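Asker: So the chains spell out like this:
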Amino acid sequence: MFKSISSRRDFIKKMAKLSAITAAVSMFPGILFADEQEAGLPEGNFDWKKGPCRFCGVGCGILVGVDNGKAVAVKGDPNSSVNKGLLCVKGYHQTMCVQSSDRLTHALVKKNGSYVKTPLNEALDIVANKMKETIAQHGKDSVAMYTSGQSTIPEGYVASKLMKGAIGTNNLDCNARLCMASAVAGFLTTFGADEPMGCYEDIDHADYFITWGNNMAEMHPVLFSRMLEQKNKRGAKIIDFATRTSRSSTASNKSILFEPQTDLAVANAICYEIINNGWMNRKFVEDHINFSKGLTKMGYGTEDNYKFKDKPTKINFEDYKNFLEDYTPEKVSKYSKVSVKDIKYLAAIYGDPNKKVVSYWCMGMNQHTRGTWINNLVYNIHLLTGKISQPGNGPFSLTGQPSACGTAREVGTFTHKLPKGVVMNEKHRKLAAKIWKVPYERIPAKPTYHATEMFRAVDRGDIKFIWTQVTNPLVSLPKTSRYRPGMEKDSCFVVVSDVFPTPTSDVADVILPASWHIEKSGIYGNSERRTQHWDKMVEGPGETTPDAWMTIEVAKRMGYGELFPYSEENHVEEIYEEYTQFHEGAKHGMAPLEVLKKESGAIWPYVNGKSTQWRFNSKYDPACDNDKDFHFYGKPDGKAVIWQRPYEPAAESPDSEYPFWLNTGRVIEHWHTGSMTRRIPVLHKAMPNAYVEFHPEDATSLGIRDGENVKVSSRRGHCILPASINKRGLPTKGQVFVPFFDENMLINDVTLDAFCPISKEPDYKKCAVKVEKA
Amino acid sequence: MKRLGIISLFVLLFIAFIAVWNYSYFEGQEEAYIPVEEEQSIAVIPSETGVFKRSDYALDYADMPVDKAHQRTLDTYYNNRAFHGAPPSIPHPIDEMQNIGENSCLKCHENGGFVEKFGAYTPVAPHPELVNCKQCHVEQQKQTLFKTGTYARLRAPEVGNNNALLTSPPVIPHQTQLRENCLSCHAGPSAPVEIRVSHPERINCRQCHVPSTNELIEITAFTRKQ
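Protein chains in written order, with the numbering used here: chain A, 1 to 774; chain B, 1 to 226.
Hint data in this document are derived by calculation from the structure and do not stem from the laboratory. The structure presented is a predicted model; accordingly, all values stated were derived computationally and were not measured. Note that the Cβ used here is the ideal one computed from N, Cα and C, for glycine as well. A few of these clues could be false.
[As the list claims (entries may be wrong)] Calculated from the model, a selection of chain B residues having no Cβ within reach of chain A, i.e. all distances over 12 Å:
1) 2
2) 20
3) 36
4) 48
5) 51
6) 55
7) 92
8) 93
9) 144
10) 167
11) 202
12) 206
13) 212
14) 219
15) 223
16) 225
[Claimed, not checked] Label-pair restraints from in silico Cβ distances:
17) A/709 <-> B/146: 26 to 32 Å
18) B/154 <-> A/67: 34 to 40 Å
19) A/619 <-> B/221: 36 to 42 Å
20) B/115 <-> A/697: 50 to 56 Å
21) A/709 <-> B/106: 39 to 45 Å
22) A/697 <-> B/34: 23 to 29 Å
23) A/696 <-> B/115: 37 to 43 Å
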């Protein structure tokens, strides 16, 4: 398959034979690529090289066509069980961004207010010296690194080793804090083990897909296309439960809208119905479940140095049942604006023992000031009914970044994390110290700054040096109206590694030129625990260098060379071999490199040469050893937890002065802050700028016409965007929606930096704004 | 005294009348004027209404064998329109002249099918909810013209040059207003052969094919605002 194929015509013929999708169509040969459609296609002569897609957490397999050292084509990898040969518009055009005219090809150092092109060696000297100097003057905790769920596994690993193992500070966090932290906290509190128990194959078995605040048609398009296929072929049903009518809603069998934040109450109401109608799976609950409650009225973290620690208390089933009395469908319907009928409808689907149900969610539930709670509450539904860890049955937390799981969560580039376990745990620190060959006392036992607090510390002047890699915080942080001036201050030395100039690199003192995706080798881990490797496919321009290697070079210059004994050519492999020692065993074993090189990814736990598709189910998971059907071995007693979590209002709700909810999100054409996708002509032309979506009735009462410029302002800042009425999406009345990809229209100047007190993940979906004609 | 009071009241009223009349006369002189606001940027994000409308038939479309003898071509498709984007005319005689279309045109054009009489497959209406068909679609009763002239036509996009990379999916090279539903023209036996999709069962077309048209507004490369 990866051999050179001499012409487009041959390639199409081969693809027709090999690809899984086209197999179906090839039964009707007249339909596939009629001669008229083939006419005018250029001939090509190139190699196809495999890898994972650069963009979202779905982790599609791609094949990149390389011709004379240039990437000239991309197609879906038909061997990948994730996407079976299909991609989305971003995936198909991804390699085009590297040809952008403003590519960062050399290191830039700020001298007297302007950037001077500098040899990379000198720039790395400056970074290392500055870091050493800052530590000497202000202590270890005055330097920080902020990395990414798009960092490869080796990149995350060396960053963690440098900060925690070599320097000895926990000042390492990543942008996955803004996207996956609530999912992690949800998994850890309910199951004691991170990441979904199921896999994408669930789609082929489920009868119902219930999406919670999740526009999969645009954000996880390839998975959604698999769902649509099942909908048409098997009659599977998609139910969209959301605060905005999106492309997904219109493609679904049913769309149910709710008032922002009340998903907490509706989830509890579903549990109330399940218990009161006798739909609970008693045997499953008796065998596998504990009940707990935690602290309530936790606050929202909007103040600096906010601290919170949950205190779990065991409760019994009767306590839980009594608690649910406040969440009858009738009571919840009043403030959730979901009809009693719809709540009962949802509960009946979950409660029907003959129907297999998968729940999907992503940012709607994670970017939530009660993100951990709502994750817990959806697990409650699946645990009460025992619909979990089986093909076609289970809760599935989707990720937004290509290696949010592989790097941020598994390698652990959060302040509290280690490659295995957490810094608070002495055993985990000792294991890390042993593998890293450092004294274990060097790894501090106390976490320091999570993402939001890290940038507050920069603003306050507590952090004097920060190095960001593979991320663009000055577009993606909430309340950038505070953090941009914060990073511009002279008190902090800012190093930014990136591929393109961004609003973050605009405030840098040193800009390091990073290699893009296919210009280096790497390893990513996707949402379904699939680890995927790729080899370098093309040369990067100028002095561009892989992020992992730049981190290693700085570590060497700081005198930690003996901890980073890797070679420039093979560092990816060497680091992976070292890293996998952390996860040895049946619960998290990683596939060996030979397997990853050969196959289109493998799912961990990889045990005895086999991927584990459904964890905690003894039929599929060799780590289960309690002689029962299920074993939630993440918890010491092998039982998962049903949490009693109440409804609490959002941090900021609309009032007379700021009467609208502001919801932010993405569009299919652009990925996150658009630094890559906006440099791809096809995508930019399809979606050239951000906009603010209105409900038509709100637009009429404000006298706002489609396309007219509107000023959206909050207590934090404002942003001017063209209005969009009845176009891509339709927010509920009293709500406006703005995509955040556009650095020329920074909606995050407006958002609020309130976060979930347990996960510390900010809520980008809810704050109060006013709108007026600009 | 009393008479003087009455007279002065009338005099006062008269003066007031003169003043008010004068004021309103001059006000009336002012021309009606609505200030012309500067044109705002044009919204280029197309509507999504009806995108999934015919998706229930997608599997049928995929299963349909191709009737090579009766395929429509893109040439005939465009020749039936005054210019690219104009509503097609009705190329066949119609009997029910009094009907606006709801109960006549849609009988065939809602779902399509083969018509023996014309030896062709019926094209499917992308917007069957608009039932006054003849509001936009008219018959061609005659082939001659009242007066000849040079009529400039908007050029239609061509097939085969709309993909950015060798293997990447082609973009949508035309506007989609009133044609949001892709499958009605791009799938089934009436679809012009050059633009008939090989994979109608995929449904979510805009997952891979995104709009790119300069007809509304020229979009150039992304530029950073410094």
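Asker: Give a verdict on every hint.
Answerer: Consistency of the hints with the structure:
1. Non-interface call for residue 2 of chain B relative to chain A: holds, since the shortest CB-CB distance, roughly 57 Å, exceeds 12 Å.
2. At the 12 Å boundary, the C-beta of residue 20 of chain B stays outside the reach of chain A, the nearest C-beta of that chain being 33 Å off.
3. For residue 36 of chain B, the shortest C-beta to C-beta distance to chain A comes to about 14 Å, beyond the 12 Å cut-off, and the non-interface label holds.
4. Distance check on residue 48 of chain B: its Cβ comes as close as 6 Å (rounded) to a Cβ of chain A, failing to clear the 12 Å threshold; non-interface status is violated.
5. Annotated as non-interface, residue 51 of chain B brings its C-beta within 12 Å of a C-beta of chain A; the closest such distance is 7 Å.
6. Residue 55 of chain B, annotated as away from the interface, has a beta carbon of chain A within 12 Å; the closest lies near 7 Å.
7. Non-interface status of residue 92 of chain B relative to chain A is upheld: no Cβ of that chain comes within 12 Å, the nearest being about 25 Å off.
8. Its beta-carbon lying about 30 Å from the closest one in chain A, residue 93 of chain B satisfies the requirement of being farther than 12 Å from that chain.
9. For residue 144 of chain B, the condition that its CB be more than 12 Å from all CB atoms of chain A holds, with the nearest at approximately 33 Å.
10. With a least CB separation of 4 Å from chain A, residue 167 of chain B falls inside the 12 Å interface cut-off, contrary to its annotation.
11. Distance check for residue 202 of chain B against chain A: the nearest CB is about 6 Å away, which does not clear 12 Å, and the non-interface claim fails.
12. The beta carbon of residue 206 of chain B sits about 7 Å from the closest Cβ of chain A, which is not more than 12 Å, so the claim that it is off the interface is violated.
13. Not every CB of chain A is more than 12 Å from the CB of residue 212 of chain B (nearest about 5 Å), against its label as outside the interface.
14. Not every C-beta of chain A lies more than 12 Å from that of residue 219 of chain B, the closest at about 5 Å, which undercuts listing it as non-interface.
15. With 12 Å as the threshold on Cβ separation, the claim that residue 223 of chain B sits away from chain A is violated: the shortest Cβ distance comes to roughly 8 Å.
16. A cut-off of 12 Å between C-beta atoms contradicts the statement that residue 225 of chain B is not in contact with chain A; the least separation is 4 Å.
17. In this structure the hint that residue 709 of chain A and residue 146 of chain B lie 26 to 32 Å apart at CB is violated, the actual value being about 45 Å.
18. Here the CB-CB span from residue 154 of chain B to residue 67 of chain A is close to 36 Å, well matched to the stated 34 to 40 Å.
19. At roughly 54 Å, the beta carbons of residue 619 of chain A and residue 221 of chain B sit outside the given window of 36 to 42 Å.
20. Taken as a hint, the range 50 to 56 Å is violated for the pair residue 115 of chain B and residue 697 of chain A, whose Cβ atoms sit roughly 44 Å apart.
21. Take residue 709 of chain A and residue 106 of chain B: their Cβ atoms lie about 41 Å apart, and the range 39 to 45 Å holds.
22. The hint said 23 to 29 Å for the Cβ distance between residue 697 of chain A and residue 34 of chain B, and at roughly 25 Å that hint holds.
23. The beta-carbon spacing between residue 696 of chain A and residue 115 of chain B, approximately 40 Å, falls within the hinted interval of 37 to 43 Å.
Checked against the numbered hints above, the structure violates hints 4, 5, 6, 10, 11, 12, 13, 14, 15, 16, 17, 19, 20; every other hint is satisfied.
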